[in-house]
Structure formats: C-alpha cells, structure tokens
Amino acid sequence: MENKKQLLEGSQAIAAVIKNIKPAVISAYPITPQTHIVEKLAKLKADGEADYEYLRAESEFAAASIILGASATGVRSYSATSSQGLLLMTEVIFNIAGLRLPVVMTCANRAISAPINIWNDHSDVMTIRDAGWIHFFADSNQEAVDLHILAYKIAEQLRLPVMVNVDGFILTHAFEPVIIPSSKIIKKFLPNYAPKADQFLNPKKPMTFGIFATPADYFETRENLHHDLTASLTIIKKEYKDLMHLLGRKNKDSGLVEYSGPKKPETILVAMGSVIGTIRETLKNDQRTGLLKIKTYRPFPAKEVSQILLTAKNIAVIEKAISLGQAGPLFSDIQASLPNNQLNIKNYIVGLGGRDITQKMIREIVTDVKKKNGQKIKFIGKI
Amino acid sequence: MNNKNTKFLSPGHNGCAGCGQLSAAQAVMRGLHKNVIIANATGCLEVTTTAYPQSAWGLPWIHSLFENAAAVASGIKAALNKKGDKKTKVVVQGGDGGTFDIGFGLISGLWERGENVLYICYDTEAYSNTGIQASGATPYGASTSTSPSGTVSSGSTQRKKDMLAIALAHNLKYVAQSSAGFPDDITNKVKKALETDGPSYLQILCPCIPGWKINNNEAAMLGKLAVQTGLYPLLEYINGQLSASSINSNFQAKAVEEYLKKQGRFKHLKEADISIIQKLAAENIKKYKI
Ligand SMILES: Cc1ncc(C[n+]2csc(CCOP(=O)(O)OP(=O)(O)O)c2C)c(N)n1
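Line order of the protein sequences matches chains A and B. In this text, residue positions in the first sequence follow this note's numbering: the first is 1, and each later residue adds one. In this text, residue positions in the second sequence follow this note's numbering: the first is 1, and each later residue adds one.
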C-alpha cells in the first residue's frame with residue numbers, strides 16, 4: 001500500500017497528506033483555486049476519517065488569525081488560500097513570522113485583481129515574500145505532497161512558518177498519480193509537535209507573547225529573524241535528504257534548487273513551479289541549454305544559484321510575476337546573488353493570469369536570450 | 001473590595017496616572033483565575049503593559065494585531081478543545097476601536113461559532129492609544145481629534161453604536177455593561193461571564209484622563225456619574241433577558257450636565273446639545289427600566 005500510486009487531483013492529494021500529518025486545528029475561507037483542498041479536509045472530518053478541529057472562518061483574515069492563535073497554544077495548525085485571500089491575510093502573515101509560530105499554509109497560486117482573474121500566476125505570493133516565511137514551490141503534485149511533510153518538520157524545528165506554493169489549477173486541479181505517505185511513515189520523520197512549556201500559551205507557565213518593542217530592541221528581533229531564515233538553508237537540505245531517503249524517492253537534488261542539463265551549458269533557464277515541466281519537455285533534446293529549478297525561494301539559496309549559473313554564458317529568468325515598475329522578483333533576486341559577473345541575464349515574464357506557456361515560447365526565449373543588446377525584460381505571451 | 005491581588009496584572013506598567021482602563025482591568029483580573037489565557041488587541045492596555053523586556057501580565061497572554069483578537073481567541077479555544085482541556089478559559093480584551101470598528105466583523109465570527117470565550121471591551125469612547133480619535137463608541141457631542149469641536153461643529157454628530165444589542169442579536173447567553181466607577185460590579189460580572197457556557201460579552205466604560213480631558217483623580221468619579229445619570233447604566237442580560245440586578249426602582253437620575261461639565265471633551269456644548277444628551281439618558285432609563 002505504502003508505495004502504491006493513486007490517481008488523485010492535486011487538491012485531494014494535498015488534503016490527504018495534511019490529514020496524515022495530523023494537524024490539531026484547521027481554519028480556512030473558500031477561494032478558487034484553493035477550494036477543493038479545504039472542502040476535502042472538511043469532508044474527511046465529516047466522515048470521521050480525521051479528528052482535527054475544523055473552524056469555518058468568516059474571512060481569510062480570520063482564518064489566518066485562528067491558526068495563529070492555535071499555533072500559539074502549542075498545537076499543529078493549517079490553512080490554505082489563494083490570491084485575494086492571501087492579500088487579505090497579509091497583516092497576519094507578517095505577524096505569524098514575527099511571533100515565530102510554526103504555521104504551515106498552502107498557497108494555490110493565482111493572479112491578483114484588477115482585473116479579477118482566477119487563473120494561475122505567482123503575483124499573490126510575491127506580495128508576502130519578505131514577511132519572514134520559508135517558501136517552497138512545487139512543480140508536480142508528488143512534490144507538493146512531499147514538501148508539506150518537509151514544511152512541518154522545518155517549521156516546528158526552527159519555529160518559522162512555511163508556505164508551500166502550488167500552481168492554481170495547473171497542479172491543484174490536475175489528476176496525477178501520486179503516493180500519499182501514511183501517517184505511520186510520516187511520524188517517523190515528523191514526530192508529534194511538542195513545544196517546550198514556555199513556548200506556548202500555557203497556564204502552567206504564563207508567558208507574554210506579542211510584546212511591544214521600542215527602537216532599543218526591535219532592530220535585533222528583525223536581524224535575528226533574518227539570520228534564522230538564512231541559516232535554515234542548511235537544515236532544509238539535511239531534512240530534505242532524510243525525507244527523500246525515508247520515502248524512497250529518487251530525487252538527487254538538494255531541496256533548495258535542482259539543475260538538469262549539460263555540464264557546460266551555454267544557456268540556463270531559471271524558473272519555479274509547474275512551468276518546469278513544460279521547460280523540461282522543451283529542452284529534452286537541447287544539448288546546450290540547462291534548467292535551474294528554484295524549489296526553496298525564501299530563504300533565497302544565493303550560493304547554490306550562483307554556483308550553477310556561473311557555469312553558463314546566458315541566463316533567462318522565466319517567471320509568472322512582476323514587481324510592477326521594476327522587474328520580475330526572481331530576476332532581481334538572481335541579479336543580487338551574482339555580483340560582478342559577465343553573464344548575459346535576461347528576464348522573461350510569462351503566464352500572467354493563466355496565459356498558456358507553450359514550448360514555442362520557451363524556444364523563443366532560448367533564442368532571444370542569446371541576442372546581444374536585446375531587451376532586459378520581455379513579456380512573452382503570444383500563443 | 002480586595003485591591004491587593006495584583007498577581008495577574010502587576011502595577012508596574014506605563015499607563016497614565018489615574019487611568020480608568022487600567023483600574024477596570026485590575027477589577028477584571030480579580031474575577032479571573034489562573035487557568036485563563038488572554039488574547040489582547042492592540043491599544044492602550046497592550047502598549048502600556050508589555051514594553052519589552054517587561055510584562056505586567058501574570059497570565060498566559062498574547063497580542064497579535066489590532067483587529068484580530070477575537071479570531072486569535074477562537075484558535076486558542078480550538079487548540080484547547082483538541083487537547084481535551086476543559087478547565088482553561090479564554091478571555092479577549094480590546095478597546096472600543098478594536099471592538100466597535102476595526103475588529104467588528106471578527107467578533108461576529110467568534111460569536112457565530114458559539115465558542116466559550118469572554119470578550120471584554122474597555123470602552124474609552126475613542127482611540128486613546130493613537131491620540132483620541134473618534135470611534136463608533138464616541139458619544140454624541142464629544143470633541144475628539146477627528147471629531148473636533150469648532151466654530152461650526154459641536155463635536156461628534158454620531159450616536160454611539162449599540163454593541164450590546166448587536167451582541168444580543170447573536171444570541172449570547174451573557175451580555176453585560178459595567179463601569180470603571182464600580183469595580184466590584186466588574187469583578188462580579190467577569191465571574192458570571194466566565195461560568196457561562198458559550199460566548200459572552202462585557203463592555204466597561206473606562207474614563208480616559210487625556211481623552212476626556214479630566215484630572216487624574218477623576219476617573220472613578222466620572223465612571224460613577226456616567227451610571228448615575230443614566231448615560232451608561234450597569235446592565236446584565238442572562239439568556240437574552242435583562243436581569244433583576246440591572247433594574248433599580250429607587251433610581252434617581254442625576255442631570256447629565258453634572259457629568260458633562262467636568263470633562264474637557266464636552267466643554268464646548270451649548271444648551272441645545274446638552275438637552276439632546278439628556279434625552280439619550282432618559283431613553284436609556286426607559287429602555288432598561290432603571
Ligand atoms: C490595522 C491597524 N490600524 C491602525 C492601527 C493604529 N492603532 C493602534 S491602537 C489604535 C487605537 C486603539 O483604540 P481602542 O481600540 O479604542 O483602544 P484604546 O487605546 O482606546 O484602549 C490604533 C488606531 C493599528 N495598530 N493597526
């Protein structure tokens with residue numbers, strides 16, 4: 001049974017693994033394309049297959065606050081959202097990180113209004129990338145399942161919140177064969193959450209959480225959060241390796257980034273999420289172009305990224321988000337990771353609001369990036 | 001009255017001398033026991049008690065944001081439920097701004113879920129912490145920094161929102177109103193509310209020294225006068241019914257003018273405005289049969 005593949009919709013697969021992770025409290029508010037995840041979790045509870053507390057919230061803002069309160073009371077908690085819902089949660093998202101609560105959430109990535117649009121891109125999560133959360137991006141439903149297990153392990157070990165980003169519709173609504181690790185297997189990797197007596201709201205050890213910090217102390221709290229986040233890269237690598245081993249997966253990547261392609265590439269394409277599949281397919285017979293997938297986006301694995309990118313001449317950063325008036329956020333991150341380089345780096349904005357990303361577009365990018373004096377930032381959208 | 005028990009809220013805080021809210025909070029604490037978790041909204045009570053590295057709180061206490069304390073409390077309650085902890089009670093504390101205005105929707109959500117949580121609103125009738133701006137709890141005629149009196153304005157033109165009626169509309173089993181002028185009444189109501197099975201709401205009038213422009217020895221006296229004029233009666237609804245304790249057949253209302261003229265926030269009021277406020281007191285006296 002353990003290694004048996006099931007044909008499941010992405011959302012059903014995520015709900016199934018969450019059930020096996022056994023959170024104590026779930027709270028959510030419906031928004032497409034996250035709905036199937038939280039509906040399934042409600043149904044599992046209704047059918048007596050799960051025994052978490054499931055709280056219907058009156059908004060995403062409340063849902064995030066509810067799981068904040070639950071986590072502060074020392075239990076495992078979960079929520080999922082998308083797009084406008086994530087934006088409505090923003091204030092709470094920052095607060096959760098500042099309070100150092102090990103909350104885990106799924107973001108079914110979707111475009112931002114206006115105009116209102118329910119389809120996939122990464123604009124939603126980019127608005128909170130600086131909040132102090134760890135961000136994973138899944139490129140398949142199996143990876144989404146595995147990353148949720150990793151997320152709780154990292155969150156509870158480091159007292160840092162983790163968001164698993166899963167492309168709306170493209171993954172959440174796609175049926176793929178997946179293996180759902182049983183709760184028994186998961187428990188070998190992820191023990192029951194047991195914070196210390198002074199780490200949660202505990203009448204036996206009354207502590208004050210959410211203090212008021214003046215300029216004399218605030219500065220260090222942010223500095224520490226930053227250092228703890230960047231230091232988590234080492235832990236993510238180690239835990240990822242252990243998890244892949246336990247689950248018998250064949251992945252050979254570090255858990256931070258994954259490179260595939262020639263040893264001495266002329267060009268490397270960089271991307272995150274489900275578009276990786278399309279790019280991989282396009283590059284199948286290309287001996288000169290490699291692909292770098294970013295799996296951990298925050299903290300940004302700058303060292304790993306630069307080591308790989310410096311082996312090439314041309315870099316195309318392909319992304320489904322833009323910092324309006326500047327460039328793609330991943331592009332800026334990559335530029336900041338590559339000081340004093342001679343590389344030719346270009347940014348390609350694709351797929352906004354669910355626009356199809358075709359193999360033809362990827363080939364166009366492979367050709368375009370090599371051009372001398374081409375545009376630095378280009379929108380590639382013509383199908 | 002036992003004023004000595006300050007183990008849940010120590011006197012070493014940064015509140016204004018004579019703060020009505022902090023003395024009300026002490027009366028609340030005397031009604032609690034050690035198996036209580038507090039979720040506090042942003043506001044004076046939070047800011048004055050938790051300046052790092054100090055904390056005045058002797059109970060497990062959390063502050064998340066200005067408007068989400070009710071939902072945080074829901075999460076705490078859910079976690080306790082999952083742990084099988086039936087002993088620990090959950091109390092929310094928020095100001096009138098956090099309650100009447102910005103946190104309003106989340107309080108409705110909390111009450112809808114029917115959780116056993118006591119919500120306490122410390123009503124200073126303005127956003128005290130940010131400099132006395134008007135809130136939905138600001139009474140008619142009060143001059144605040146965003147409803148200032150002026151040559152063509154006599155302060156706030158809005159009537160105070162009736163939060164008690166809104167709480168009752170959610171079928172709360174225990175809804176009460178008290179005042180910092182009557183600390184023992186506060187303590188008793190807190191005890192009763194804690195024993196209620198289901199959500200409960202307690203709203204406490206808290207005279208604010210800078211906000212009401214009063215002297216720092218006048219908070220308790222004004223807390224009493226607000227009750228004695230009928231403007232802020234001591235009320236208690238049990239299962240939706242006004243309880244006998246709220247009804248006072250010997251009530252001799254004092255004139256509202258006595259209450260108003262002691263406060264800088266009302267000092268601009270002309271006779272016509274004062275008679276409008278007198279009518280509000282009369283409406284209360286009739287409505288609540290005091
Ligand atoms: C979302 C948000 N908006 C505004 C503020 C600024 N703010 C902090 S406390 C406060 C006023 C609090 O007033 P109230 O709830 O009446 O409590 P009081 O200070 O009077 O006790 C305001 C406006 C904030 N912290 N968060």
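Watch out, some of these pointers could steer you wrong.
[As the list claims (entries may be wrong)] Partial list, computed: chain B residues near chain A (C-beta under 7 Å): (1) His13; (2) Ile102; (3) Phe104; (4) Leu106.
[Claimed, not checked] Computed footprint of chain A on chain B, listed as stretches where at least three residues anywhere in the stretch have a Cβ under 8 Å from a Cβ of chain A: (5) 48-58; (6) 185-199; (7) 220-227.
Derived from the structure by calculation, the hints contain no laboratory data. Owing to the predicted nature of the structure, the values given are computational and were not obtained by experimental measurement. In this text, a Cβ means the ideal position worked out from N, Cα and C, and glycines have one as well.
Outcome of the hint check:
{"no.": "1", "hint": "His13", "verdict": "violated (11 Å)"}
{"no.": "2", "hint": "Ile102", "verdict": "violated (11 Å)"}
{"no.": "3", "hint": "Phe104", "verdict": "violated (11 Å)"}
{"no.": "4", "hint": "Leu106", "verdict": "holds (5 Å)"}
{"no.": "5", "hint": "48-58", "verdict": "holds (count 7)"}
{"no.": "6", "hint": "185-199", "verdict": "violated (count 0)"}
{"no.": "7", "hint": "220-227", "verdict": "violated (count 0)"}
When held up to the earlier numbered hints, the structure conflicts with 1, 2, 3, 6, 7 and fits the remainder.
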